[in-house]
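Take a look at the letters that make up each chain.
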Amino acid sequence: MSKYGKLPLNRASTYYLILLASLLGTQQSALASKLPENHFQIHGFLTQAYVKTTDNRFFGDSQDGSFDFREIGANASYRFNPKLMASAQLLSRVAGDMYNGSLTVDYAQLDYTFHMSERARYGALLGRTKNPLGFYNDTRDVAATRPGIFMPQAIYWDRVRNMVLSNDGVQFYADNSNGLHRFSLQLLAGKTPIDENVEKSYLDPSLNASMDQDGVTTGGRLLYEWDGGRLRLALSNAMLKLDSRTTILPPGSIDIDYWVLSAQYNHGPWRLTAEYMEEPIDYQGFANLLDSADTTVDGYYLQGDYRLHSDWELLLRYEQSHYDKDDRYGSKVSTISGLPPYNFYSKLWTAGLLWEPTEQLMLRAEFSQVEGVIFLSNLENPIPSERVKDWNLFSLLISYSF
Amino acid sequence: MRMTSWPDGVPIQVFVMGDKTRLHASFSKEILGVFPHQLRRAWNRQIFAGTGQAPAKVDTEQEMLDKVATTPGAIGYTSEELINEQIRKIAVE
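Chains E and W are the protein sequences, given in the same order. Per my numbering, numbering through the first sequence is continuous, rising by one, with the last residue being 402. Per my numbering, numbering through the second sequence is continuous, rising by one, with the last residue being 93.
Fair warning: there could be bad hints in the mix.
Not close to chain W: a few residues of chain E, all C-beta gaps over 12 Å, as computed [claimed, not checked]:
1) ASN137
2) LEU353
3) PRO382
Reference listing, derived: stretches of chain E covered by chain W, where coverage requires no fewer than 3 residues with Cβ under 8 Å from a Cβ of chain W [stated by the list, open to error]:
4) 41 to 48
5) 52 to 63
6) 86 to 99
7) 106 to 120
8) 318 to 327
Mimicking DSS-like on lysine-lysine, the simulated pairs with C-alpha atoms at most 30 Å apart in a straight line are [what the hints assert, rightly or not]:
9) LYS389/E to LYS52/E
10) LYS347/E to LYS67/W
11) LYS83/E to LYS57/W
12) LYS389/E to LYS325/E
13) LYS389/E to LYS332/E
14) LYS389/E to LYS191/E
It should be emphasised that the hints constitute simulated quantities derived from the structure, not laboratory data. Ideal Cβ positions, reconstructed from N, Cα and C, are used throughout, including at glycine.
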């Protein structure tokens, strides 16, 4: 159990905390097979955001003020016994021109624990599972768990979210605790549901690419936690190959390798988080016409959160993304492509306020100052000459979860 | 949330009170060393990734005592010495 932020027990206090355990069950073996009363659970969330930008389109017609950012999800879980659980979540997500709100199966999985003790837990998930990339990917669409109104785009791109969102296959997990140390390893292999957002990001929209996955996605995450999460460190990866056909070029394939390094420190009301992403992209085939497009995309963010009061929190975040880590501000690729350099990087400062008046309700307000447009969707901003280098973003969010 | 049964195989049933109650806040901060909102986020990360289930909520301390006493494998907390023969008190440190 964690000890960070632990307050000394007040000796003068008139009450004491007492941990309780039922004596039933441990003595009455006839009851041992009885399931907990809440072994079947239903949870859900409803999120609506408002997005206003000075220029460029982000989650809809944001220059006029957009309400096209809405997330509705519901899940059910059933525990058959302490080792076996089934769970599934349905999601409807409206995100400007990127997602139209159609219903998708977010995950649908069976979780079987092979071994469980106080120190260790090993098991496997089978079905559609969420990809554990970085600290936040597996619950990125749940406002109550993510670090702001928008995910930090430097790591968790909305324009290519499906590439790393989930997998149809298998995932193994191993948890080991030893004193203050905890190691958690997840490994996955499976098919990734690719969509138009991915097709229009890795090849120019004018090529009308259609992509199919070649083989399976492999990846996983190694997480280390010290002192119950006071310090958290993680290394995550997802690797996949996309076979691509276009209306103009000969066929080819794109190798994508996605690495994320994560660190977080929690102390009392403070939380400091940093994540770094590196993504080498290798274009093969296409009659060698796209060989010069090979690049390594990278990005990072630093975020500080401060809990002002039990219901209020402040956040400050800085993030930066580069199309080519060796050409950070796009000067070379600008010469080759003929597009202004600000198409190939982004820098964002975000300040925000969070209010959680009840356990279920959350409200956020954020303001971002942005330079560059790399994280904007080609579907939302198809005409390069209409993209503006310096712009501001203001957003509000209300979310209810149960 | 990580262990779902006791070593003898009996399922664990965790009972908690609301985030805003003084007792839950004390339990979170003094025993677990985290704020109630941090605990809730950790639960939510599992509940909405399908890898865990939420603890059961009770509204009063009397309900906490009754539930822990009558549910096999149950665990919870209280502020008062209302212990009876159906409940075992666990020393914390």
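Going down the list of hints, with the structure as the test:
no.: 1; hint: ASN137; result: violated (10 Å)
no.: 2; hint: LEU353; result: holds (15 Å)
no.: 3; hint: PRO382; result: holds (33 Å)
no.: 4; hint: 41 to 48; result: holds (count 3)
no.: 5; hint: 52 to 63; result: violated (count 0)
no.: 6; hint: 86 to 99; result: holds (count 3)
no.: 7; hint: 106 to 120; result: holds (count 7)
no.: 8; hint: 318 to 327; result: violated (count 0)
no.: 9; hint: LYS389/E to LYS52/E; result: holds (16 Å)
no.: 10; hint: LYS347/E to LYS67/W; result: violated (53 Å)
no.: 11; hint: LYS83/E to LYS57/W; result: holds (23 Å)
no.: 12; hint: LYS389/E to LYS325/E; result: holds (19 Å)
no.: 13; hint: LYS389/E to LYS332/E; result: holds (17 Å)
no.: 14; hint: LYS389/E to LYS191/E; result: violated (37 Å)
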